[in-house]
Amino acid sequence: MSATAAEAQIARRTVERAASGERWRDAAFRFALLLCLFVAVLFLGALLVDTFVDGVGILSWDFITSFPSRLRPEESGIQSAFIGTLWLMALCAIFIVPVGIASAVYLEEYADRDRWWNRAIEVNIQNLASVPSVVYGILGLAFIVRGPIDVFGLGKGQPTLLAGALTLGLLVLPVVIIVSREAIRAVPPSIREGSLALGATQWQTIWKQVLPGALPGIATGVILALSRAIGETAPLILVGAAAFQRFNPELDGPFSALPIQIFNNVGEPEAIFRDLAAATIIVLLAILLLMNSVAIYLRNRYESKW
Amino acid sequence: MEGSHFAVSNPGAQGPRLQRARTRRSTGEQIIKGLLALAALLSVLTTTGIVVTLIKETITFFGDVPIGDFLFKTDWAPLAGGEQQAFGVVPLIWSTLYLTAVGLVVAIPAGLGVGIYLAEYASPRVRKILKPVVELLAGIPTIVFGYFALTFFTPNVIQDWIGIGVDVFNGLSAGIILGILVLPTIASVSEDAMSAVPQSLREGAFGLGAAKWQVVLRVVFPAALSGIVAALVLGASRAIGETVVILVAAGNNPNLTFDLTVAHQNMAAFIANTARADVSAGSIAYETIFAVGTTLFVMTLVLNLIAIRFVRKYRQVYE
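Chains Y and A, in that order, are what the protein sequence lines are. Oh and the first sequence: position 228 is 228 in my numbering, straight run, nothing missing. Oh and the second sequence: position 130 is 130 in my numbering, straight run, nothing missing.
Here chain Y stands alone, though its shape is the one from the complex (with noise of 0.2 Å):
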C-alpha cells in the first residue's frame, strides 16, 4: 500500500468515528450487505453439497466408462457423454482461437475506430455476447443442421457433432473477443513504438511482441469461454443432441454430451435418475473447476508487469 493511501485510510477511519451519531444505522447497513452476501453463498453451498450428496455414491469408474442406458439405470454411466463433452472442446477451441483472436488483433491494432463499420462491429459484438443461448440453438437448428450451410455434411439434416460444436462456438466466439480485446490493450503502447522503431512492419510488431505479452490474458479468455460453452444446455438440445446414447459420437454422426444427459436423467421420474444426474453433475462440474484452474494459474504465472 502506497503511502498516500495508507493516510487516506487513517484520515477515512478518524472521520469514520468523528460521525459516531451514525453508527448503529451503520451498523444496521452492513448487517444488511452481509445478509445479502450470507444469501447468495448460502444457495452456492447448498447447491454444490446437495448434488455431492446426491451423486457421489455413484461415481465411479465404471460411472464413466459406461453407456448410459435408460433401461438398466442401475448399470448407466455416461462414457458417450463425457467423449461428446471433450470432443465439443476440443472442436470449439479449434473454431474459436484463430476467429477470436484474428478477431480481437483487427479490433484494437488495425480498425480505424473513427469508421463507422468498424464502431458497428464493436456494437455488434457486444450485442452478440449476451443474445439468450437458446437463440443461438435455433441458428445452429435452421441454419446448420437443416440449412444453408454444408460443412462436412452438416447439411443432411441430421444433428452431427460438428454442428454442435460450431453452434457453441458461435456461441461463446464474443466472449473470446472481448477478453482477447482487453489483453491486447492492456500490452502498453511504448513495446509497439519500440519494435516500429526498430524497423519491425506492424504485423511483425503484432505477432512477435504484441501478442506474446497477451498471450496469458488471452489463454485465460479461451478457457473461460471454453468452460461456458461446455456447460451449456439449449443450443444442444435445438441442435438436437442425443441422451442416452450407446455408442461414441463421430464428427459427422449423432452425439451426446454431459448437459444433455444430465438434463434428460433429470426427466426421468425413478429417482435413481436424479442421482445419476448429481454424479454427472459433479463430473462436469469437477471439469469447469479444472479448467478454472488453469486459466487461474495461467493468469498468475505468466502475467507481465509491465
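Please keep in mind that the hints were generated in silico from the structure rather than gathered at the bench. It cannot be assumed that every hint is accurate.
Which residues of chain Y face chain A? A partial, calculated answer using Cβ under 10 Å [stated by the list, open to error]:
no.	residue
1	V41
2	I177
3	A286
4	L290
To give an idea of the interface, some chain A residues facing chain Y are shown, with a C-beta separation under 10 Å as derived from the structure [claimed, not checked]:
no.	residue
5	F72
6	T74
7	V105
8	V106
9	S195
10	Q214
11	I240
12	T243
13	A269
Keep in mind the model is a prediction, meaning the values are calculated, not measured. Heads up, the beta-carbon is just placed ideally off N, CA and C, and yes, glycines get one too.
With chain Y's structure known, arrange chain A on it following the hints.
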C-alpha cells in the same frame, strides 16, 4: 467477468500510431489485415444469420397466423391438434416477464448488496476470496441450478420447510432460483461501476462528516447509477432468456395468472421444449419456434442496447 463484456476501448490510450513507409513487404501486411478483418466480419455474419433465420420463418408463420391473433389473443396451445390449437402469445410473454420479475425481486437487492459490500466494505483480503466465489457462482452451468430447483429447493425448502403447497413444477421455485442465477451478473457489474467512482468523492463526503452508509448510498451509489442500471438491465436480459432452469423446474405450459404455485413457462423454455419434440421442418409447430424466438430476440436486444448505452455513460465520466 460479466462487466468486461461491455468494455469500451479507449482510442486515446495508444496515442498516435507510428506508420512505416510503404515497402515491398506492405502487400503481405495488407493481406494479413484483410484476413483479420474477415475474422471480425464473421461476428457480423453471425448476427445476420440469426436475424435472417428468425425473420424468414417468422414471415411464413404470419402467413398462417394473423399477427394480431399472435400478439393479442390469450389462448396459447400451438402444439395442440385441430380446434384446440391457438396461437395467442400473451400467456407466454406474461409467464416470461412474471418469472423474470420474481427472479429480479431476489436478485436486485441481494446482487446489489453483494456488489456494494465488495466495492465499498470488503477489505482487500476478504475481496480476494469473495470475488472468485461470486465468479464461481456465475460459472456454474444453468442445468445445475435447474437440478437444484427441482430436486431440492421445491420439495425440501418450499414444500417442507416453508410449507407452501406448490406443485412439483411451479413458478415460485424456478423464479427464485432464476434470481440466484442472475445475482452474480448484477453483483459484478454493479461492483465494477462503484469501484470506478473516484476516491475523491468519498473523501469529500467523509470530510463533510458523512457516515459510511451515507457516503455509500448518497454519494457512491448515485455516482455509479448508470453502471448500476446497466447491471440491472443485463440481469433482466439474462433472466428473460434463461432456458434450462425454467424448463426443468417450472413445467411446460405458460399460465396467465399471478399464482406462483402452478406451472409456468417462458419463451426460451417453450422453444427448447418444442424443438425437443423433433417437429418436422415446415410444420406450424416448427414455425412457432421462430415466431417466439423473434419475440425473445427483440426483447433482449432492446435490453442489451439500453445496457450498452448506460455502461458507455459511466465509463466516459470516470475514465
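Tested hints:
1. Using the Cβ-Cβ criterion of 10 Å, the hint placing V41 (chain Y) at the interface with chain A is satisfied: the shortest such distance is roughly 7 Å.
2. Checking I177 (chain Y) against chain A: minimum C-beta separation of about 7 Å stays under 10 Å; hint holds.
3. Because the beta carbon of A286 (chain Y) sits about 12 Å from the nearest beta carbon in chain A, more than 10 Å, this interface hint is broken.
4. Because the beta carbon of L290 (chain Y) sits about 12 Å from the nearest beta carbon in chain A, more than 10 Å, this interface hint is broken.
5. The beta carbon of F72 (chain A) comes no nearer than 24 Å to any beta carbon in chain Y, farther than 10 Å, and the hint placing it at the interface is violated.
6. With a least beta-carbon distance of about 24 Å to chain Y, the hint placing T74 (chain A) at the interface is violated under the 10 Å criterion.
7. Interface hint status for V105 (chain A): violated, as the beta-carbon distance to the closest one in chain Y is roughly 13 Å, over 10 Å.
8. With a cut of 10 Å, the hint placing V106 (chain A) at the interface with chain Y holds, because the nearest CB-to-CB distance is about 8 Å.
9. At about 14 Å, the closest approach between the beta carbon of S195 (chain A) and any beta carbon in chain Y exceeds 10 Å, and the interface hint on this residue is violated.
10. With 10 Å as the threshold, the beta carbon of Q214 (chain A) comes within range of chain Y, its nearest partner Cβ sitting at about 7 Å, so the hint holds.
11. With a least beta-carbon distance of about 7 Å to chain Y, the hint placing I240 (chain A) at the interface is held under the 10 Å criterion.
12. Taking 10 Å as the C-beta cut-off, the interface hint given for T243 (chain A) holds, the closest approach to chain Y being about 4 Å.
13. For the restraint placing A269 (chain A) at the interface with chain Y, the shortest Cβ-Cβ distance is roughly 8 Å, inside the 10 Å limit, so the hint holds.
Against the hints set out earlier in the document, violations occur for numbers 3, 4, 5, 6, 7 and 9.
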